[in-house]
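Student: What follows is each chain in one-letter form.
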Amino acid sequence: MGIAALVGTPIKRREDPRLITGQATYVDDLKLPGMLYMAVLRSPYGHARIRSINTEAAKQAPGVVAVYTAQDLKGVVGNIPVAAPLPPHITNGMGRRGPLAEGKVRFYGDPVAVVIAESRYGARDALDLIEVDYEPLPAVVDPEKAAQPDAPLLYEEFGTNVAASVRPPTDEIDRVFAETQANGGIVVRQRMVNQRLAPSPMETRGVVAEFRKADRTLTIWSSSQIPHLLRNYLAEQLGLPQHQVRVIVPEVGGGFGCKLNIYPEEALAAFAAMKTGHPVKWIEDRSENLAVTIHGRDQINYVEVAATRDGKITGLKVHVVSDLGAYLQFFTDVIAIAFTLPMICGCYDIPVAYGSCDIVFTNKAPTDAYRGAGRPEAAYIAERAVDLVAHALGKDPAEVRMINFVKPEQFPHKMATGTVYDSGNYQLALEKAMQLIGYQQLRAEQAQKRAQGKLMGIGISSYVEICGIGPKGLTPFGLYESARVRVDQSGDVLIYTGASPHGQGEETTFAQIAADEFGIPIERVLVLHGDTDSTPEGRGTYGSRTTAVGGTAVYNAVQKLKEKMKQIAAHMLEASPADVTLEDGKFSVAGAPQKAVTFAEVAAAANFSNTLPPGIEPGLETTVFFEPEACTFPFGTHICVVEIDKDTGEVHLRRYVAVDDCGRQLNPLLVAGQIHGGIVQGVGQALFEGVVYDENGQLLTSTFMDYAMPLASELPPFELDHTVTPTPYNPLGVKGVGEAGTIAATPAVAGAVADALGLPHVDIPFTPERIWRIIQQQQAQPQA
Amino acid sequence: MIPATFEYHPASSVDEAIALLSQYGDDAKLLAGGHSLIPTMKLRLAQPAHLIDIGRIPGLSYIREEGNVVAVGALTTYATIERSEVLRRYFAVLPECASVIGDPQVRNRGTIGGSISHADPSADMPGAVRALKAEIRVRGPNGERTVAADDFFLGTFTTALEPGEMVTEIRFPLPPARTGSAYTKLANKASHYAVAGCAAVVTLGADGACTAASVVITGAGTMPTRASAVEAALMGKQLDEATVAEAASHAAEGLELMEDIHGSKQYRAQMAAVMARRAILKAAERARG
Ligand SMILES: Cc1cc2nc3c(=O)[nH]c(=O)nc-3n(C[C@H](O)[C@H](O)[C@H](O)COP(=O)(O)OP(=O)(O)OC[C@H]3O[C@@H](n4cnc5c(N)ncnc54)[C@H](O)[C@@H]3O)c2cc1C
Chain A
33 MGIAALVGTP
43 IKRREDPRLI
53 TGQATYVDDL
63 KLPGMLYMAV
73 LRSPYGHARI
83 RSINTEAAKQ
93 APGVVAVYTA
103 QDLKGVVGNI
113 PVAAPLPPHI
123 TNGMGRRGPL
133 AEGKVRFYGD
143 PVAVVIAESR
153 YGARDALDLI
163 EVDYEPLPAV
173 VDPEKAAQPD
183 APLLYEEFGT
193 NVAASVRPPT
203 DEIDRVFAET
213 QANGGIVVRQ
223 RMVNQRLAPS
233 PMETRGVVAE
243 FRKADRTLTI
253 WSSSQIPHLL
263 RNYLAEQLGL
273 PQHQVRVIVP
283 EVGGGFGCKL
293 NIYPEEALAA
303 FAAMKTGHPV
313 KWIEDRSENL
323 AVTIHGRDQI
333 NYVEVAATRD
343 GKITGLKVHV
353 VSDLGAYLQF
363 FTDVIAIAFT
373 LPMICGCYDI
383 PVAYGSCDIV
393 FTNKAPTDAY
403 RGAGRPEAAY
413 IAERAVDLVA
423 HALGKDPAEV
433 RMINFVKPEQ
443 FPHKMATGTV
453 YDSGNYQLAL
463 EKAMQLIGYQ
473 QLRAEQAQKR
483 AQGKLMGIGI
493 SSYVEICGIG
503 PKGLTPFGLY
513 ESARVRVDQS
523 GDVLIYTGAS
533 PHGQGEETTF
543 AQIAADEFGI
553 PIERVLVLHG
563 DTDSTPEGRG
573 TYGSRTTAVG
583 GTAVYNAVQK
593 LKEKMKQIAA
603 HMLEASPADV
613 TLEDGKFSVA
623 GAPQKAVTFA
633 EVAAAANFSN
643 TLPPGIEPGL
653 ETTVFFEPEA
663 CTFPFGTHIC
673 VVEIDKDTGE
683 VHLRRYVAVD
693 DCGRQLNPLL
703 VAGQIHGGIV
713 QGVGQALFEG
723 VVYDENGQLL
733 TSTFMDYAMP
743 LASELPPFEL
753 DHTVTPTPYN
763 PLGVKGVGEA
773 GTIAATPAVA
783 GAVADALGLP
793 HVDIPFTPER
803 IWRIIQQQQA
813 QPQA
Chain B
496 MIPATFEYHP
506 ASSVDEAIAL
516 LSQYGDDAKL
526 LAGGHSLIPT
536 MKLRLAQPAH
546 LIDIGRIPGL
556 SYIREEGNVV
566 AVGALTTYAT
576 IERSEVLRRY
586 FAVLPECASV
596 IGDPQVRNRG
606 TIGGSISHAD
616 PSADMPGAVR
626 ALKAEIRVRG
636 PNGERTVAAD
646 DFFLGTFTTA
656 LEPGEMVTEI
666 RFPLPPARTG
676 SAYTKLANKA
686 SHYAVAGCAA
696 VVTLGADGAC
706 TAASVVITGA
716 GTMPTRASAV
726 EAALMGKQLD
736 EATVAEAASH
746 AAEGLELMED
756 IHGSKQYRAQ
766 MAAVMARRAI
776 LKAAERARG
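So the protein sequences, as listed, match chains A and B. Under the numbering used here, the first residue of the first sequence is numbered 33, with each subsequent residue one higher. Under the numbering used here, the first residue of the second sequence is numbered 496, with each subsequent residue one higher.
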């Protein structure tokens, strides 16, 4: 019997031993000779004019090497990069900024000056010596108020805070709503708030910059998800050729999208290193992380849904108000437009869908991609819409889902939004989840509990998301991925991926792919990443794309090397390449299995080259770029049960079942890990988390004393299962799983809480007081 | 999150600590478990120039029965309190209260002396100490004195400690027979400090009627506050659900209510009542044995 296939087996992560024994190197572990430390002075105001900055005292402080303000950067350091500036205003500079605030500060934490000092402590102390004369200005933190004509303006010269509006004509959706109502159907309307979240990775951001003046090379170590994009944009920002910038991404302790960005501190550390000639380190502290690293979500959604009396949805109309915060980060402006609106139909075959959107600046931290990036908002809209219909018609929410699902035979399916879904079997996932949780028994129990006056609710989320970006034209630059695969002379396989795993486990899954394809033990495969010198091009890790796109690049590269190795083996075996097969690490001739050479022998021959046939290049190495032809659409159903403490308003999550379909699973253990973490973050949004500013733009959740992270002790064990519907768009059949749990969980819990309270909708997060107030109201005016 | 510069002075005895405190005056702070002080310093809300570490002073961590008192040393950690058989026997409220403070790391470092000296209105332990009518032993430049817990807490982060004084011991009088105690809290979902909490101690007569009640509310108000109206409403009564609920509904009377993003005044007042009801019922059940 041959070596057991690795793909599909739950092998443990190969990266874990170094991570859990403290032997991994993070940015903050780096110590370079002569290294200086940077600290950032930040605005204590939500909105203020800077009258003057006096840095003299700080410059005199012991150990201080330099103090920089926006003045020093003028003409030297360019603006913070924005991937896809939208017309009309952003293309004209609205929301763009240099690394340090100039003239005005626009949110609490806005960077104003930096101190470079010999110690981290000295740098921090000197911040207190910088005098900034601020003239506080009225702030606006509510995006709907910010869109009003009389609102305080962040960018006076544009005369508005609304950066862009998408408003297609409404004739068709209006007609559908009118017809539905004329035919006895219903139209349900609901405003929903999808609150602002802080991604909060365990490792905050950090950067070390080193500049060698002699050859003008800049090396940046950054806790980033995008080494190559960072290199490319930073080079542009600093006016250096790309090849003079090297980005190294060491171990990264979580990103969740917030490290898919080029931040002010990277350019600031680089600038300081170039000016002082010393390496410069900056490590973000937790309060900075909560205040200035991008936030996620922060949308207000106006949802209108029309349905027949039987529960068939006839039309969906959604208006999104997207709060951009004060400035643009990498994808800030396009999250709602490019990722929420195209997905508002969820898994439902809704004949007519309409989406409009306003994107609005406010005096808050910039928003951007946070695990799910616009798709959690879309799933929330779709799932809440279906629940609204079920509630209005008095139908079971599972039944309304079944009625409206896109059917398996309809794929590939073009949705009313224009988005084309690859494959799916939504019914199957829902049925499986219902069976697993014992849906009918739970409904019976719920009826009993209700009779006793107890609050129990069941919530369903049949989500679908868009992954595997991206095909050409979807984004301003191709979102391909690269893989360089090399077989050395001892037969070890080295994979250099342009993806940038930071907790997802691709050092394991990519090795599984190569080991299986070559028929060699996984110990002989090494996956390397995170250095723009060893892997010159790549796009990084985000959007649940790394296995679908980066894994496929690895797979394709391995196929190319296999072909070459077959030719070499054929020569060694004096056979025709067409007759040579590779199995269990041996090349043999069909029909004559005793005639064989090993994988290692062929690798040695290729690398030593002396015995190679003419026309075959020495070496065993190839670089492959894979750009998918279409996106993938993972889906599934999550069902949960909540109980509510009527006295306190506390919501207890009692059970949680997740049936996910991410296509083929390369490693079920890693899939489960992604689902677990994702669910926790989704539940976190529903029950606990929320960034809160006061009216003046003061951040009230600047530490974990006030920003509520979910704790293990507050969560039940998750019960997981899956279905497998491969995507036709990559040879591995994989769809992506990194964000599924987060996307699915929030609407599941939201549905359960609304169900427990017997209401069509309750806004997240379900803080105890919010729920308690609802219960108080209900008790004061008993329902008819 | 880097504190301002300070000088560190490890004290090897209470006398040395007090001498250092006298020497540096307002510029100095005692450091015990550091789990309130250090976070405050890292946020630069406190910037003491001198830190006097009392955490290494030997002989300040103990739980001792001394006649009709159980004496607890100021440096005794929550973890020790949580596991103490003696405390569990006489004052269930103490280990119960300790067990809901923070997480294991916090409980391994935080001290009872530090908690009551800090007097955070949302902290848990001050409620239990006050409900048990403990005596707080304090040493200062002028020698030793004892302060009743009811006189110790004066307001938010404010105690009866005079400059130069430190807490050395907390003394809990042994309860009469048929006494039960309990602590309940509604935790702030972020910090897990109390949005509202209640420490209750009740003594029942042979007929089951309440002969003594001590009820203290944490979290809801600006300091751990005795709920006198609740106590009065319990006295002489059988502690059934209805009686306790009625009595507990007075929990917020006399409270100077706090308000933040985790709870309005109205909510905190109501939660004080809910927590009081639950704590009193639990204490009564324990009193019945
Ligand atoms: C993550 C986290 C979670 C927490 N959760 C909770 C919670 O749920 N509930 C809760 O009640 N608390 C909580 N705490 C606080 C914790 O209980 C603290 O340990 C406690 O409040 C202070 O005790 P300490 O020994 O750490 O004191 P320190 O922090 O060392 O000192 C606190 C203050 O008291 C003074 N002081 C200390 N000892 C003495 C003494 N013997 N005499 C005079 N003054 C003294 C110090 O000078 C200082 O001003 C939490 C803390 C953390 C870090």
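Misleading hints may appear alongside valid ones.
[Unchecked claim] Mimicking DSS-like on lysine-lysine, the simulated pairs with C-alpha atoms at most 25 angstroms apart in a straight line are: (1) A:K63 with A:K106; (2) A:K439 with A:K464; (3) A:K446 with A:K344; (4) A:K446 with A:K481; (5) A:K598 with A:K627; (6) A:K63 with B:K760; (7) B:K524 with A:K91; (8) A:K678 with A:K486; (9) B:K537 with A:K678.
No lab work stands behind these hints, which were simulated from the structure alone. Note that the structure is a prediction, hence the values are computed from the model and not measured.
Student: If a hint holds in the structure, say so; if it doesn't, say that too.
Tutor: How the hints compare with the structure:
1. With a C-alpha separation of about 30 angstroms, the suggested pairing of K63 (chain A) with K106 (chain A) is violated against the 25 angstroms cut-off.
2. About 16 angstroms separates the Cα atoms of K439 (chain A) and K464 (chain A), which keeps this hinted pair within 25 angstroms; it holds.
3. A C-alpha spacing of about 18 angstroms is found between K446 (chain A) and K344 (chain A), which places the hinted pair at or below 25 angstroms, so the restraint holds.
4. For the given pair, K446 (chain A) sits about 43 angstroms from K481 (chain A) by alpha-carbon distance, which is inconsistent with the 25 angstroms threshold.
5. With a C-alpha separation of about 14 angstroms, the suggested pair K598 (chain A) and K627 (chain A) falls inside the 25 angstroms cut-off, and the hint holds.
6. The straight-line distance between the Cα atoms of K63 (chain A) and K760 (chain B) is roughly 50 angstroms, outside the 25 angstroms bound, and the hint therefore fails.
7. Taken as a hint, the K524 (chain B) and K91 (chain A) pair is broken in the structure, with Cα atoms around 30 angstroms apart against an allowance of 25 angstroms.
8. The straight-line distance between the Cα atoms of K678 (chain A) and K486 (chain A) is roughly 8 angstroms, inside the 25 angstroms bound, and the hint therefore holds.
9. Note on K537 (chain B) and K678 (chain A): the hinted pairing is violated, with a Cα-Cα distance of about 39 angstroms set against a maximum of 25 angstroms.
Violation of the numbered hints given earlier is confined to hints 1, 4, 6, 7 and 9; the remaining hints are satisfied by the structure.
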